[in-house]
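Participant: Based on the provided sequences and hints, a complete structural model is requested.
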Amino acid sequence: MRKWKTDWGLQGRMLFTMFLLAAVYLLFLAFLSYQGAGMNVMILFIGGFMFIQYFMSDKLVLMSMGAKIVSESEEPKLHEMVTRLCAMADLPKPKVALVNSPVPNAFATGRNPKKAVVAVTTGIMKTLKPAELEAVLAHELSHVKNRDVMVMTIASFLSTVAFFLVRYLLYFGGGRNRQGGGIMAVWLASIVVWVISLMLIRTLSRYREFSADRGAALITGAPSHLASALMKISGVMPRIPTDDLRKVEGMNAFFIIPALSGSSVMRLFSTHPSVEKRIAALEKLETELEM
Numbered sequence: 001m002r003k004w005k006t007d008w009g010l011q012g013r014m015l016f017t018m019f020l021l022a023a024v025y026l027l028f029l030a031f032l033s034y035q036g037a038g039m040n041v042m043i044l045f046i047g048g049f050m051f052i053q054y055f056m057s058d059k060l061v062l063m064s065m066g067a068k069i070v071s072e073s074e075e076p077k078l079h080e081m082v083t084r085l086c087a088m089a090d091l092p093k094p095k096v097a098l099v100n101s102p103v104p105n106a107f108a109t110g111r112n113p114k115k116a117v118v119a120v121t122t123g124i125m126k127t128l129k130p131a132e133l134e135a136v137l138a139h140e141l142s143h144v145k146n147r148d149v150m151v152m153t154i155a156s157f158l159s160t161v162a163f164f165l166v167r168y169l170l171y172f173g174g175g176r177n178r179q180g181g182g183i184m185a186v187w188l189a190s191i192v193v194w195v196i197s198l199m200l201i202r203t204l205s206r207y208r209e210f211s212a213d214r215g216a217a218l219i220t221g222a223p224s225h226l227a228s229a230l231m232k233i234s235g236v237m238p239r240i241p242t243d244d245l246r247k248v249e250g251m252n253a254f255f256i257i258p259a260l261s262g263s264s265v266m267r268l269f270s271t272h273p274s275v276e277k278r279i280a281a282l283e284k285l286e287t288e289l290e291m
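The C-terminal residue of the sequence shown carries number 291 in this note's numbering, and the numbering is unbroken.
Just so you know, the hints here were simulated from the structure itself, not pulled from any lab data. Just to be clear, a hint being listed does not mean it is correct.
[Said to hold, decoys possible] Capping the alpha-carbon separation at 20 Å, the derived lysine to aspartate or glutamate pairs in EDC-like fashion look like this:
(1) K68 <-> E249
(2) K247 <-> E283
(3) K68 <-> E80
(4) K114 <-> E72
(5) K129 <-> E75
(6) K126 <-> E80
(7) K126 <-> D90
(8) K232 <-> E290
(9) K68 <-> D90
(10) K93 <-> E80
(11) K129 <-> E80
(12) K115 <-> E80
(13) K126 <-> E72
(14) K95 <-> E72
(15) K59 <-> E249
(16) K95 <-> E74
(17) K93 <-> E75
(18) K126 <-> E283
(19) K5 <-> D90
(20) K5 <-> E290
(21) K5 <-> E286
(22) K277 <-> D244
(23) K95 <-> E75
(24) K284 <-> D244
(25) K129 <-> D90
(26) K247 <-> E276
(27) K95 <-> E80
(28) K114 <-> D90
Facilitator: Next up, the structure:
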């Protein structure tokens, strides 16, 4: 493994994303205040969101995927890989989770390296060779080392909350004539928050995938293994039933390769660079490591 180098481009983008998220929060709170929300409501909103985001957002990510934390006795080979990679990357060992899904993928979550969880699907374990799976795990551990998981978790949580407000606010409150105007205004504000959150996730996610690919190559010393894994996963994805892909599409910002159904509008708002660009970058890195 070559010496780890801090990706200041990623750090700067994360800082800027957090700044924009804070601005979105303040604007949304100001709007609620303008609509007549009392101080108690504002305190509850701020306190509740901060608590849920910091302490529970990673748990919600795991719950949404049906991920199960597995012990060393349950998955000894998987734990062995993670333990070895963590030693190479100078990271505390995260919890390891397994998702019973045919979609070949992996993701990491957690508010900091000590509270991280690395998860893989049963599909990816069946698809990849050990060296390729190790490269994928190194990619996810790079996300943990870069500390970009927390930013993505918070941004995704805000987007999810805004989405549910957009979806259900009019349904539950639209029938109240006296409050109809206020509810419509909050609904429109929620749409703005949702769109901004999606754009922030998209912008940051594309760059962080390149950074994690590079990190995995530095940890394992074998960029070709990750390139091979990316090709296999992208090749298998079109053969996965559409229903299975749709079940996990909400997690695309976290996955190593997005799970997209054929008709998904998410193809227009991809959170990842193309596989071709990622493989080209890994091939360039392979040449650099050989020098």
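Participant: To test your reading of the hints: which numbers does this structure violate?
Facilitator: 2, 7, 8, 9, 18, 22, 24, 25, 26
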